[in-house]
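Undergrad: Below, each chain spelled out in residue letters.
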Amino acid sequence: MKVALFIPCYVDQFYPNAAIATLQLLEKYGCDVSYPKNQTCCGQPMANSGFGHLTGGCNRNFVDNFKDFDYIVAPSGSCVLHIKDHLHDERFPAEAKKIRETTYELVTFLTDVLKVDNLKASFPHKVGIHQSCHGLRGLKLAQMSELTAPAFSKPVHLLNMVDDIEIIDLDRVDECCGFGGTFCVAEEAVSVKMGKDRVSDHVLHGAEYITGVDLSCLMHMEGLVKREKKVIKVIHIAEILNGGVQ
Amino acid sequence: MKVADHAERAKVFNEDEKRVDWHDETLWFVRHKRDLATHGIPEWEELREAGSQIKNHTLSNLNQYLQDFEKNALAKGTVIHWASDAKEHNEIVLELLKKHQITEMVKSKSMLTEECHLNPFLEANGIEVIDSDLGERIVQLAGEAPSHIVLPCIHKKKEEIGELFHIHLGTPKGNADPQLLTEAARQSLRNTFLTRRAALTGVNFAVAETGEFVVCTNEGNADMGAHLADIHIASMGIEKIIPQRKHLGVFLRLLTRSATGQPITTYSSHFAGPAAGKELHIILVDNGRTRQLARPDFRNSLKCIRCSACFNTCPVYRRSGGHSYDSVIAGPIGSILAPNWDMKKNADLPFASTLCGSCTNVCPVKIDIHEQLYKWRQVIVKEGFVDPKKAIAMQVMAKTLASPTLYRIAGKAARTTLKYAPFMVNNKFNAWYLQRDMPEVPKSSFGEWYSKNRTNND
Amino acid sequence: MTSREKILNAVKDSQPDLLPLPDLSLFYPNNDSVEENLKNFISIAERIGAKVYQVQNHSEIMTHLKEDLDLEGKRIVSAELDAIVDEYTGTDNHDLADVELMILPVHFGVAENGACWLDDELYQERLLPFIPQHLAFIIKKENIVATMHQAYELIADKSYGFGAFIAGPSKTADIEQSLVLGAHGPRSLRVFVV
Chain A
1 MKVALFIPCY VDQFYPNAAI ATLQLLEKYG CDVSYPKNQT CCGQPMANSG FGHLTGGCNR
61 NFVDNFKDFD YIVAPSGSCV LHIKDHLHDE RFPAEAKKIR ETTYELVTFL TDVLKVDNLK
121 ASFPHKVGIH QSCHGLRGLK LAQMSELTAP AFSKPVHLLN MVDDIEIIDL DRVDECCGFG
181 GTFCVAEEAV SVKMGKDRVS DHVLHGAEYI TGVDLSCLMH MEGLVKREKK VIKVIHIAEI
241 LNGGVQ
Chain B
1 MKVADHAERA KVFNEDEKRV DWHDETLWFV RHKRDLATHG IPEWEELREA GSQIKNHTLS
61 NLNQYLQDFE KNALAKGTVI HWASDAKEHN EIVLELLKKH QITEMVKSKS MLTEECHLNP
121 FLEANGIEVI DSDLGERIVQ LAGEAPSHIV LPCIHKKKEE IGELFHIHLG TPKGNADPQL
181 LTEAARQSLR NTFLTRRAAL TGVNFAVAET GEFVVCTNEG NADMGAHLAD IHIASMGIEK
241 IIPQRKHLGV FLRLLTRSAT GQPITTYSSH FAGPAAGKEL HIILVDNGRT RQLARPDFRN
301 SLKCIRCSAC FNTCPVYRRS GGHSYDSVIA GPIGSILAPN WDMKKNADLP FASTLCGSCT
361 NVCPVKIDIH EQLYKWRQVI VKEGFVDPKK AIAMQVMAKT LASPTLYRIA GKAARTTLKY
421 APFMVNNKFN AWYLQRDMPE VPKSSFGEWY SKNRTNND
Chain C
1 MTSREKILNA VKDSQPDLLP LPDLSLFYPN NDSVEENLKN FISIAERIGA KVYQVQNHSE
61 IMTHLKEDLD LEGKRIVSAE LDAIVDEYTG TDNHDLADVE LMILPVHFGV AENGACWLDD
121 ELYQERLLPF IPQHLAFIIK KENIVATMHQ AYELIADKSY GFGAFIAGPS KTADIEQSLV
181 LGAHGPRSLR VFVV
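The listed protein sequences correspond, in order, to chains A, B and C. Position 202 of the first sequence, counted from 1, bears residue number 202 in our numbering, the numbering being contiguous throughout. Position 345 of the second sequence, counted from 1, bears residue number 345 in our numbering, the numbering being contiguous throughout. Position 88 of the third sequence, counted from 1, bears residue number 88 in our numbering, the numbering being contiguous throughout.
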């Protein structure tokens, strides 16, 4: 199957290892992967700021880059949710619809499309999982703590296939970290406090790493961790699933 | 525009981190109690769906239900008044009191009267109003507004309340025992209940089929006030209607479990007509509700049953406090109701959220709160209630992201400074660095790595 | 135009096309058991601060009440135990202010939340359950239903001027979420299941 890699802008620039791990994982499972070079951004930063009406150019560029693939996979829940909810193109409405339906966040693609049932990976560390809100409540990657419904978790399902990993419990299993796009600077005080509280929960329970599906949340928490010179580290789930730290 | 926006008020609130922790943990505990209660009901999600659909149905037939309610209430001897706005509501209350030569009134919790600013209006007209809900009484004595719709003084520490009661109710100085403070309020307010000839209450639900309305309290203050007074005035928004009495079964199961985790409030009182020799008045208030009903994207905010579950779960509310919203109703639901009342004044509120979606999940009537927050942002920008500098920055970003060439140029710059990262588009672009470091800069971007390491599918 | 017309017209112009009411049949299962309901009722009522006693007759009720409360020289009023204590016959309910204990029959109880329903078919004076320092309810064992849905089936067509579900004693947690029993209404509630 022809799979296009959609790498969010900040992942491209700051976290190439997560993107490389995503690419290698997909290749391992037999996907014919391409990285359309003229991709830019999903348009979410504008839309979430109330400027959804300015995302036309962004949308058209996205459609031009991604319309000829079976699937589009990104190591980000947030960007994928934005595409699935808001991508439109008056030139190619059918293609835009197909893109909305075939764009996947990496973990969901591994569990639901590739139906991965074993991994060759080892990660001998205590790991806390950060449930990014858009992946959790938007894409339903795991059961949400607010609902009265059976538990499940796609990230945990995959991480359980990794050797030697120890997943720690948290006091608040799916509270927001406070990144929130432009919220992280517009509401700096609350955003920082939310992030600090999330990090503390992981530290309190002995995590060596915080992992998750969205580097935006992880970057925010990493920024706080580094400023406070804490020892806990962040790592995108793709890097763990691809074999551990290179 | 407000003197200070939500972010600035929240910043002030965050200057005392220990207090933020206390506020956050106190409310998280309420959310936790809510989870215990709701997870104990296997059919909880079906119940939410039923509540949501009953409310959707009611809003789609509200014209008829309001008339049914009026007819059935009148038949039981209740007097019905209609108020287009807050001013008319307040004048109706004042007229009723004047007619009976009443100068003192006791009130139980009613967010609608807060919305109408009834207390200051009556006080300016020589009427003394005493709030009887303990939390409301506390904020009234403190000269503050409630910071939470169910727990009005949740922002106050017991030591502060002890000091307030020492001054106003003569409790021993330095005593902050909740038991003792509650007892002092009980004694003081008991005297109030026994001496007031008029009582005003809110309404939780009003049943079209029977003309009755239901008031829910834990303290018993609504009943103490209403049954001891000669005249009971009940103020309700027109959206409080539900079709049939049996639907109360759905809503009373949902309301308190969502609010505090209790299986039901201590008192769920059904007023179907006046007691012998007494008067019962209901004021049906619009005050912007029909305007909201006319907005397809936002009308279902009118389904709200004021449980406050969205407050308690909101990570932003818990860490910014109710007063940071500077709105009668704070929290996520307040942030989608307030722009309807005054879009310019409340333009900041839909942005006081990370859109995490927890509010929508706890809502017992399934209001898509976080989606409405997103939609209000679009409306507010289009109406021009946004910082012009931000608008220009967004235009630049739109152009950059639509063009792979411009994007590549910007991308190179972005790797050395977060200033150009898309979420930085804001006039306070340095805010990232105040308390956070930037990521380590990698040797190459993924795009550059890919060009060197993969040659296929270019 | 009156405000009434103005509001009704605005509602008519703004309301969406008619949407259906949901099917509620899921909430009315036919698996009620008297014993199960009683067990749940007791457990929930006690959790929310009430005390529940299972008794055979009215004299047992008075024995328990005298054991639990200091009633010496205090005013006790009842709407049921009229042979033992005062029945309320006053016309100005303000004179109930000094009642220490009120003993009232109720129509039925609800297992899922420990609430009891009472309405003015039992007693005209609405203030009775709210003003005493302590409150006691008398309920028949077979009159406990499982949920609020069943509760409203029992009063679906009933005509009353006032009725209430009462669950536990009056309470507040407004000060730092610390639970205090006895806010404005009764400080305690005892439920006697006969």
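Hints may contain errors.
Below are the DSS-like pairs computed for lysine-lysine, each with C-alpha atoms no more than 25 Å apart in a straight line [stated by the list, open to error]: (1) B:K366 x A:K84; (2) B:K18 x A:K229; (3) B:K99 x B:K87; (4) C:K39 x B:K33; (5) B:K158 x B:K173; (6) B:K303 x C:K12; (7) B:K375 x A:K97; (8) A:K2 x B:K452; (9) B:K87 x C:K12; (10) A:K226 x B:K366; (11) C:K39 x B:K76; (12) A:K28 x B:K452.
Among the chain B residues that face chain C by a calculated CB cut under 8 Å, a handful are [claimed, not checked]: (13) W82; (14) E219; (15) K246; (16) L293; (17) T455.
So, partial list: chain A residues that the calculated Cβ filter (under 7 Å) puts toward chain B [said to hold, decoys possible]: (18) Y29; (19) L119; (20) P150; (21) F152; (22) K226.
To be clear, the hints were calculated from the coordinates, so they are not data collected in a lab. These figures come from a predicted structure and were not determined experimentally. Cβ atoms here follow ideal geometry from the backbone N, Cα and C, with glycine treated the same way.
Undergrad: Which hints from the list above does the structure break, by number from lowest to highest?
TA: Violated hints: 10, 11, 17, 18, 19, 20, 21; rest satisfied.
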